[in-house]
Amino acid sequence: MKIIGTDRQGNTREVEGRDGWSVMEILRDAGFDVAAECGGACACATCHVYVTDGWYGKLPEPSEAEIDMLDMALAVEPGSSRLSCQIICSADADGIKVTVAPD
Amino acid sequence: MTAAHETDVVIIGAGPIGLFAVFELGLLDLKCYLVDILDRPGGQCTELYPEKPIYDIPGLPIVTGQELTNRLLDQIKPFNAQFHFSEMATSLEKQEDGRWKLKTDAGTEIIAHVVVVAAGAGSFQPKRPPVPGIEHHENAGDGIGVHYAVRKMESFRGKNILIAGGGDSALDWTINLAPLAKSLTLIHHRDGFRAAAHSVNQMRELEASGKVKFHVASVKALHGEPGKLSGVTLAGADKAEWHHDTDVFLPFFGLTIKLGPIAEFGINLHENLIPVDTARFESQTPGIFAIGDINTYTGKLKLILSGFHEAALMAQAAFAIARPNEKLRFQYTTSSSSLQKKLGV
Numbered sequence: 001m002k003i004i005g006t007d008r009q010g011n012t013r014e015v016e017g018r019d020g021w022s023v024m025e026i027l028r029d030a031g032f033d034v035a036a037e038c039g040g041a042c043a044c045a046t047c048h049v050y051v052t053d054g055w056y057g058k059l060p061e062p063s064e065a066e067i068d069m070l071d072m073a074l075a076v077e078p079g080s081s082r083l084s085c086q087i088i089c090s091a092d093a094d095g096i097k098v099t100v101a102p103d
Numbered sequence: 001m002t003a004a005h006e007t008d009v010v011i012i013g014a015g016p017i018g019l020f021a022v023f024e025l026g027l028l029d030l031k032c033y034l035v036d037i038l039d040r041p042g043g044q045c046t047e048l049y050p051e052k053p054i055y056d057i058p059g060l061p062i063v064t065g066q067e068l069t070n071r072l073l074d075q076i077k078p079f080n081a082q083f084h085f086s087e088m089a090t091s092l093e094k095q096e097d098g099r100w101k102l103k104t105d106a107g108t109e110i111i112a113h114v115v116v117v118a119a120g121a122g123s124f125q126p127k128r129p130p131v132p133g134i135e136h137h138e139n140a141g142d143g144i145g146v147h148y149a150v151r152k153m154e155s156f157r158g159k160n161i162l163i164a165g166g167g168d169s170a171l172d173w174t175i176n177l178a179p180l181a182k183s184l185t186l187i188h189h190r191d192g193f194r195a196a197a198h199s200v201n202q203m204r205e206l207e208a209s210g211k212v213k214f215h216v217a218s219v220k221a222l223h224g225e226p227g228k229l230s231g232v233t234l235a236g237a238d239k240a241e242w243h244h245d246t247d248v249f250l251p252f253f254g255l256t257i258k259l260g261p262i263a264e265f266g267i268n269l270h271e272n273l274i275p276v277d278t279a280r281f282e283s284q285t286p287g288i289f290a291i292g293d294i295n296t297y298t299g300k301l302k303l304i305l306s307g308f309h310e311a312a313l314m315a316q317a318a319f320a321i322a323r324p325n326e327k328l329r330f331q332y333t334t335s336s337s338s339l340q341k342k343l344g345v
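Each protein sequence line maps, in turn, to chains A and B. Note that the numbering used here gives residue 92 to position 92 of the first sequence, counting from 1, and the numbers run on in steps of one. Note that the numbering used here gives residue 132 to position 132 of the second sequence, counting from 1, and the numbers run on in steps of one.
Please keep in mind that the hints were generated in silico from the structure rather than gathered at the bench. Ideal placement from N, C-alpha and C gives every residue a C-beta, glycine not left out. Warning: the hint list may mix true and false statements.
[Unchecked claim] Every beta carbon over 10 Å from chain B, so not counted as near; a handful from chain A, in silico:
#1 Q9
#2 R13
#3 S22
#4 A30
#5 W55
#6 P60
#7 S90
#8 K97
[Said to hold, decoys possible] With a cut-off of at most 25 Å between alpha-carbon atoms, the simulated SDA-like pairs for lysine to any residue come out as follows:
#9 B:K300 with A:D29
#10 B:K300 with A:G40
#11 B:K103 with B:R151
#12 B:K258 with A:D68
#13 B:K302 with A:Q86
#14 B:K103 with B:T285
#15 B:K239 with A:T52
#16 B:K300 with A:A36
#17 B:K220 with A:S80
#18 B:K258 with A:R8
#19 B:K258 with A:C42
#20 B:K52 with A:A65
#21 B:K220 with A:R8
#22 B:K258 with A:R28
#23 B:K159 with B:G141
#24 B:K52 with A:G39
#25 B:K52 with A:R28
#26 B:K52 with B:R71
#27 B:K52 with A:A36
[Said to hold, decoys possible] Here are the simulated distance ranges between beta carbons:
#28 B:P132 with A:A41: 31 to 37 Å
#29 A:G10 with B:Q284: 33 to 39 Å
#30 B:A320 with A:M1: 50 to 56 Å
#31 A:A41 with B:A149: 21 to 27 Å
Whole structure, please, built from the sequences with the hints as guidance.
Rendered as structure tokens:
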């Protein structure tokens with residue numbers, strides 16, 4: 001599956017996702033500036049991304065824990081903001097578009 | 001200014017690795033001071049995930065971040081380390097006698113033979129909303145501009161206050177400042193809060209009584225000369241924008257990690273990490289060591305257990321610097337009565 005990622009400078013590139021990995025892990029390993037301070041434990045909100053181009057509605061809904069943790073994120077856009085550590089790569093998300101949120 | 005503290009080793013960072021370093025150094029009779037920007041020990045373990053279980057600490061099949069911290073504090077108790085919490089290490093200078101002088105933003109000065117940087121990913125600092133020019137309204141003085149913490153409640157008396165956030169800090173300060181504010185407005189990106197239920201209830205009561213106004217909104221722009229905040233532009237859920245007069249803006253979005261002043265200490269850095277050798281875990285500046293997540297070397301794994309190993313080897317090298325005329329005797333805690341004496345067992 002593919003992830004179309006845009007960094008904070010507005011540069012977009014396509015990266016190869018891996019089934020079962022989180023989008024955060026793929027972005028981080030591909031050199032995107034995703035802090036992910038807590039390492040993917042849904043405990044810090046530093047892997048905040050905007051899910052764009054209609055992809056937000058196609059993903060499984062965020063958990064209570066993720067909605068709570070988004071309260072600690074900056075510049076949250078309802079209907080677009082997600083924590084990328086909580087989005088899991090799968091065929092259903094092939095082609096997902098995400099933009100790294102400001103830090 | 002009080003006199004500088006003198007010690008063998010000063011450790012920057014009181015996370016799990018800084019704490020365990022006290023143990024390894026303590027076995028070698030080296031005394032430690034620790035400086036941490038947080039108000040309590042444990043670093044990321046207690047700040048980010050105090051309740052979350054960790055499963056890869058040798059010998060502890062399951063332990064939470066808080067429990068691990070408590071156990072480490074217990075383990076290092078015999079060594080009587082001195083802690084300086086809520087202080088940021090701001091400068092490091094080499095003295096003529098070869099020792100290091102570390103200063104903090106609280107005016108503390110610590111002189112030591114050896115410096116150990118165990119700062120993880122850096123220092124926890126308040127998250128700054130991405131609003132253009134926000135930095136020009138920080139540190140503008142009591143009761144005006146942008147503040148990330150409330151130090152003196154009185155300085156906000158009679159002011160128009162805008163609070164942003166949905167966590168406990170945002171709600172607690174809404175509740176505490178509402179009685180003395182001229183007006184208090186709370187904004188959040190949704191009509192829901194992760195804060196404790198009783199705080200949310202109290203906020204809703206204040207809203208119902210008209211003492212607090214709540215909007216689903218975010219700050220898009222700040223107005224007023226630098227240091228003289230006069231108002232903000234808010235944007236609602238429907239993107240509609242409006243002007244809102246305010247004297248102060250208090251964003252409460254928790255903490256994030258920035259490398260901070262360590263970058264200015266003159267230590268060689270590579271992508272915000274300190275390159276070290278894997279025998280001593282010393283930086284390229286002799287006498288300054290780096291252990292835990294802050295260091296980098298071929299094969300580095302950011303695991304707590306790796307940091308423990310690094311602390312043990314660092315201590316051996318630190319001893320040679322702090323006690324140049326003494327011979328280090330390698331001993332086991334299991335069999336050495338002198339080590340057991342130090343541990344008080």
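Starting from the hint list further up, note which numbers the structure goes against and sort them upward. none
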